[in-house]
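Enquirer: Listed below, chain by chain, are the residues.
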Amino acid sequence: MSDFVLFDEEFQQIKDVIGRLKADAQAKVVFIVDKNGQQIAAQGDLEALDTTSLASLTAGNVAATDGLARLIGEREFPVLFHEGERDNVYISIVGQRVILVVIFDERSSLGLVRLRVRKANADLERIFERIQKKVELEREKRHDGIDSPFAEITDEDIDSLFRE
Amino acid sequence: MTFINYAAREINCKIVYYGPGLCGKTTNLQYIYDRTNPAAKGKLISLATETDRTLFFDFLPLDLGTVRGFKTRFHLYTVPGQVFYDASRKLILKGVDGVVFVADSQEARMDANIESLRNLEKNLKEHGFDLATIPYVLQLNKRDLPTALTAEEMYRQLNYKGEPTFEATAPVGTGVFDTLKAVAKQVLMELRKK
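Protein chains in written order, with my numbering: chain A, 1 to 164; chain B, 1 to 194.
None of these hints come from the bench; they were simulated from the model.
Note that the coordinates shown come from a computational prediction; the quantities given were computed from them, not determined experimentally.
There's no promise every hint is true.
[As the list claims (entries may be wrong)] Taking lysine-lysine pairs in the DSBU-like style, the calculated list, with each CA pair at most 30 Å apart, reads: (1) B/125 to A/134; (2) B/94 to A/35; (3) A/141 to B/193; (4) A/35 to B/122.
Modelling step: build the complete structure from the supplied sequences, incorporating the hints.
Expert: Now the structure itself:
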């Protein structure tokens with residue numbers, strides 16, 4: 001299976017899209033997670049949030065509902081919505097690969113979030129397609145003899161990680 | 001599937017602790033959590049039943065430090081060991097970079113170890129991975145129990161491909177970090193090949 005690689009240019013584009021979405025949807029927080037639970041980017045009031053745990057639980061949640069979907073003959077449930085007393089979470093799948101999460105409260109509404117997410121989703125899908133192409137290109141280049149920055153990792157480098 | 005973020009200069013890897021029910025997967029994570037510097041770890045999340053059996057997964061994010069200018073972050077997961085949670089177990093293996101198999105040394109649990117190892121092999125295959133090639137470590141846990149089989153006997157029955165094998169007593173930490181280090185090392189070495 002291929003690794004997921006994120007470059008500066010696309011990282012900035014993703015941040016721009018979700019920053020815009022946060023403003024347009026009047027959301028508190030917007031973040032993107034890959035389906036394996038790694039956070040890709042986040043925008044908003046992140047101070048009080050444990051984004052690493054959020055990412056992992058979101059991916060677990062999506063994985064579980066994907067499993068449910070397949071059991072009843074659906075490919076996936078592209079949208080999940082959790083309604084709380086104060087805050088709500090709107091989760092949607094982008095291009096079957098990454099997960100877009102919007103956290104919002106009474107200053108916004110489900111209808112507004114749904115509308116804005118639809119637009120952002122399309123933009124994000126294009127960006128992730130570009131990333132995919134770029135990764136494939138990089139891989140071909142590497143086969144032509146250009147080394148990855150990790151080609152030189154030594155035992156010593158790794159041992160040093162575990163020193164007290 | 002390693003996630004390499006050039007923008008944030010981070011490498012993110014996923015390690016899964018596998019093994020039969022009550023073999024000590026969660027205890028491994030708990031010990032790592034207790035003994036890791038607070039700056040290097042996130043919250044330990046356990047999705048467990050009321051009786052503290054893992055229901056979906058435990059999750060512990062760890063920052064190990066920097067390699068070649070990249071921050072290395074490991075996400076450690078456990079699977080629910082009980083046989084009937086197979087659907088959930090399969091989900092956790094998605095995108096895995098390295099696997100630790102925690103075996104229960106008690107003689108009475110040997111069949112459960114073997115069944116779980118076969119289940120691991122099968123579930124990896126369904127995600128397109130091969131136990132023969134994926135970074136993999138075997139941990140023989142509960143070495144302190146009087147009913148434990150000899151390490152040689154366990155190795156004979158559970159060794160898959162000459163993988164690094166460690167004897168452990170997870171509640172007191174024996175072998176826990178050696179196991180983690182061995183699997184992390186293999187995962188990082190894999191990056192060299194890519």
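Enquirer: Now tell me if each hint is right for this structure.
Expert: Now for the hints, and whether the structure bears them out:
no.: 1; hint: B/125 to A/134; verdict: holds (28 Å)
no.: 2; hint: B/94 to A/35; verdict: holds (8 Å)
no.: 3; hint: A/141 to B/193; verdict: holds (14 Å)
no.: 4; hint: A/35 to B/122; verdict: holds (21 Å)
Hint check: no violations occur; every hint is consistent with the structure.
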